[in-house]
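S.K.: Residue-level listing of the chains:
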Amino acid sequence: MLTRRLLLASAAALALVSPAFAQEKLKVIATFSILGDIVANVGGDRVDVTTLVGPDGDAHVFQPSPADAEAVAGAQVIVANGLGFEGWMDRLVKASGTRAAMVVVSDGISPISFGEEDHAEEAGHEGHDDHAAEEEGHEDHEGHEDHAEEAGHEDHEGHEDHAEEAGHDDHGHGALDPHAWQSVTNVALYVGAIERGLAAADPAGAETYKANAAAYLAELDALDADIRAAIAALPEDRRTVVTSHDAFGYFAADYGLTFVAPQGVSTEAEASAQDVAALITQIKDAGIAAVFVENIADRRLLDQIATETGARIGGTLYSDALSGPEGPAGTYLTMMRHNLGQLTAALSQ
Amino acid sequence: MNWLIDPFADFAFMQRALLGCLAISLGATPVGVFLLLRRMSLTGDAMAHAILPGAAVGYLVAGLNLGAMTLGGVAAGLVVAVMTGAVARFTDLREDASLAAFYLISLALGVLLVSLKGSNVDLMHVLFGTVLALDDAALTLLCAITTFTLVTLALVFRPLVLECADPRFLASVSRWSGPVHFLFLGLVVLNLVAGFQALGTLMAVGIMILPAAAARFWASSIGGMLAVAAAIAATSSVVGLLASYHAGLPSGPAIILAAGMLYLASLCFGPTGSLAARFWPRAHLEA
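Sequence lines, in order, name chains G and C.
Residue numbers 1152 to 1500, in our numbering, belong to the letters of the first sequence in order.
Residue numbers 11 to 297, in our numbering, belong to the letters of the second sequence in order.
Note that these hints are calculated values from the structure, not bench results.
Heads up, a few of these hints could be off.
[To be verified] Covered stretches of chain C (in silico footprint by chain G; criterion: 3 or more residues with CB under 8 angstroms from a CB of chain G, positions within the stretch not fixed): (1) 142-149; (2) 236-249; (3) 258-267.
Just so you know, these numbers come straight off a predicted model, no measurement behind them.
C-beta atoms are modelled at their ideal positions from N, C-alpha and C, and glycine is treated no differently.
Whenever a hint applies, use it, and build me the whole structure from the sequences.
M.R.: Structure representation (structure tokens):
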């Protein structure tokens, strides 16, 4: 094992130093499917992208296999998201003994905290429901008022102190929300980081990477504009969504939607009346216009909740992984457009 | 009393669940009482498994579609009932063994079908329906089946009671014995399909048999048993739904367990034939 690892490591090192091999494609590891797609767009023909966590895979619970370690050992560039998204990455890099250059794409962005969604939820309560004030402490409540405005006006500066505030909270998730790619603005920063990383490892291709990145950035701009236009077209009172994913904090912050975690829904086999009642109360009280809850797989139950509350039931939102190439979210761009389509379909009247 | 009224006053889905459960309580429990009297209590369980492949085929063809699953379930149940009866009538095999054979084949076929095209998750939804998700169509179906059951039972009440008491006598004085038997099995299948819409296949039998078994300890006349069984089923529906609402328990099992507890209480303290009546008969004598 050790000799094999050494061999692989030295092979990688050789490939890195010898320009004679420059014709060979640059071996790049991307930690998960969304990142893999972005890297492939920037790298174009000059890179060979291997994705560790493939389509529909869950990077949170990923278990690297020996084959993954081998791939990492043979890579010249590793592109990771960071912000704790790939908890297994450090060990994998150490174990494989790779000498690849690490590109952590989230380094340049301003991270937000997981607290975001909870606060947004209370902000939602505040707007529509007087009970919220009775049920929740007043101090708590005041603290969130600014935030409600913030979200309404898409004020980006506010998020940083918010993140600090949440840092002191004891909030289960720990620190920062890693799902930064849900904001197209952040992905533009990702692209820059990837372009620089690839160019550093393969200077001969720098021009290509720059051109590819520019082309991709143009597509991202178009996507960003489309999302903003689509959401601006939604009525003000139909911008709150229940979703079981806690992965849309950045999307919410950037585009002015409010994502709320479902209350009560935990059991998969059979929901209790209490679960359903809690969800219905929440939807009514917070003026929620659409529900994306995938862990209630029983369509009939969702339909009942929809009839009782008037909220629309949405389809599947992709958050952490692309679908397969055949699926509705085969690339980052199609994924975001798919999610946008699902959201606007459920939210428009 | 708020904890009793509010859940039903505030939430339409609780009202629907209650209505559905009451419909089943009225329709399925008389069928359960007759099953009990004919010593066919386990037939209900076997038939519940027998309707699975039909419901599964309906599910595979049309998804969680009420009509398709009901039709498939009724068809599969009737096929098994008729084949069981035919085998018992024309071969040496007794009815219980014949039923066991057919329902096991049917069950295996059902699991196979669901697994072929769906996942285990899908199978769970077929096995555990939920009373919290009754829509208008399902409620209409439940009430229709209950009405049909009650009318049919009223029409064949006399021959059915005779068939329970002395099937040979009935056969000797009337040619209605065979038809009544199959009609009754048809009612069993229909009510299981209804219960399966509301509670899932595994729980549907519980609401049919448990109240009937409990009623046995309260009344010795058939009329009395029918009334007590329906009352016990309705009570357990309300108790189960409230437990599901207040304690966060899954609703189907909560209802069946409520019925189970009423059964155990009846078993211990019921006035006729219970443990109390047997071991402390003095109270009985004094009365």
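S.K.: It remains to establish, for every hint, whether it holds in the given structure.
M.R.: Evaluated hints:
1. Figure legend: the segment 142-149 of chain C, annotated as covered by chain G; annotation consistent (5 residues with Cβ-Cβ distances under 8 angstroms, at least 3 required).
2. Only residues whose C-beta sits within less than 8 angstroms of a C-beta in chain G count toward coverage, and the segment 236-249 of chain C has 0 of them, not enough to reach three; the restraint is violated.
3. For the segment 258-267 of chain C, the stated coverage by chain G is satisfied: 7 residues place a CB nearer than 8 angstroms to a CB of that chain, which reaches the threshold of 3.
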